[in-house]
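Protein chains: 2
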Amino acid sequence: MTREQLFTNIQRKRSFLCVGLDTDLKKVPACIMEKAQKDTAFAPIFEFNRAIIDATAPYCVAYKPNLAFYEAFGVKGWVAFERTVQYIRAHYPDQFIIADAKRGDIGNTSALYARTFFETVDVDAVTVAPYMGEDSVTPFLGYAGKWVILLALTSNKGSHDFQLTEDTAGERLFERVLRRSQTWAGADSLMYVVGATQGAAFADIRRIVPDHFLLVPGIGAQGGSLEEVCRHGMNAQCGLIVNSSRAIIYADATERFADVAAERAREVQQQMAAQLDAKGI
Amino acid sequence: MTREQLFTNIQRKRSFLCVGLDTDLKKVPACIMEKAQKDTAFAPIFEFNRAIIDATAPYCVAYKPNLAFYEAFGVKGWVAFERTVQYIRAHYPDQFIIADAKRGDIGNTSALYARTFFETVDVDAVTVAPYMGEDSVTPFLGYAGKWVILLALTSNKGSHDFQLTEDTAGERLFERVLRRSQTWAGADSLMYVVGATQGAAFADIRRIVPDHFLLVPGIGAQGGSLEEVCRHGMNAQCGLIVNSSRAIIYADATERFADVAAERAREVQQQMAAQLDAKGI
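One line per chain: the protein sequences are A and B, in this order. Under my numbering, think of the first position of the first sequence as 4, with each following residue one higher. Under my numbering, think of the first position of the second sequence as 4, with each following residue one higher.
For the record, the hints were derived by calculation from the structure and aren't laboratory data.
For chains that are exact copies, the list does not tell them apart, and a pair is met inside one copy or across any two.
As a list, the in silico DSSO-like pairs of lysine-lysine whose alpha-carbon atoms are at most 30 Å apart: (1) Lys149 - Lys29; (2) Lys282 - Lys149; (3) Lys79 - Lys30.
Next comes chain A alone, as it looks inside the complex (with noise of 0.2 Å):
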């Protein structure tokens, strides 16, 4: 997907959300694993996917199904992981899709993780770990349509380990990673990871990267504010694909599970139509 079919969709959708597919079996309602205990042919992973799919459809740009639920549970979890992107792609073909994976590597091996990625299953966007520096990154970037999400500045506590750590030209380690990813593609490749938590380094990071998309996790269960997201890192071209999991997909229990979830998809588009008329999108 082009930045600019990006940019279209939330537009027209008014929403730029992104709901997570955190999808665990330990937090799932008990309907869907009392239908996978009736039927072994009951794929729970998938099934729960598919109602969350089909009920936030409309109010949402992008998924982010993040790999480490899915590899939990081996082969199965990686047979899940493929159908939830196929059904997507089949039904919603103008959703973003996001394995969040936070891979890199050396060349060869990077190489063979966007080949995963970008033609075994075909998604739109792979997160990368920037640590191992340029020819662990640039192999993600030689398909035309996909997307690069470089980690900077992420909304754990663990962030303050490295990321902030100054060195001796007075800039950070997320600074020092922004500016130097510039040189390996530009805006309609490359995006970054901005933790909700991290409000005030917004300002800082546009001042860096102010046209690039940033994907922006900690809404809700981590306490990010969406209000505080959007004064400072939003632009002209929206700029941000707010990421929700736990707060929408978990937000009911019962049989109605996949109802609530739509209605707390809803809730937070309204909240992001709001901030694009605001700004004028």
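Please arrange chain B on chain A, whose structure you already have, making use of the hints.
For chain B alone, kept in the frame of chain A given last:
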């Protein structure tokens, strides 16, 4: 596996070789692919690995499947990865199995990756990227006898982009990773990745982590020198696991590939035995 068991294996086998199972169907011998074409029940990735493992097991103490090579084949690749680990466990229980996955995410997500590699697939160690800090690493540390191998100073060119950046206290990022991570766990559950191409830096690293095991890729195809690594990196309990992948597993492309891989592994083992002898280990 405990540190003492690993050291005992190294002493007994006179080897600290890890064979990297970077199995790429574009590089395996033609005879493997021909068998797979004739017999759909013949699983080429697993069968190649089995032949390599049976041939090289006498000369190494560890195997390191790199997940990228398996994930590139999606579900089939994960089946091959799991079968490979099960095969090593069943037939060579004294081998240390490293999942080279370079994972790392926020706490609840890293906990799921830990479950994947230490429960669903029962490996001994997993490589982890440090960029997201303490809470992205510690969930992997709660398993008795299991190990985190944290990226410190990698073997690739991109290691210069961020890992060597000096902070205001005069500490380079990889040194900060070494120092801070020691407050998270000790030398009984934490190792570090240090590329064989980083020769002179081994001495600096040993000043910070004198006791820890280092996993050293980059010998062979990437150009690192075993002698130099041993001169600066070996400690009284060896403290090194040196990986070789392509130079061993793709040493020959004929039906004799496994025999030639064994010869190559034995040559490296003999060089290692000499290094251990010289150190009185």
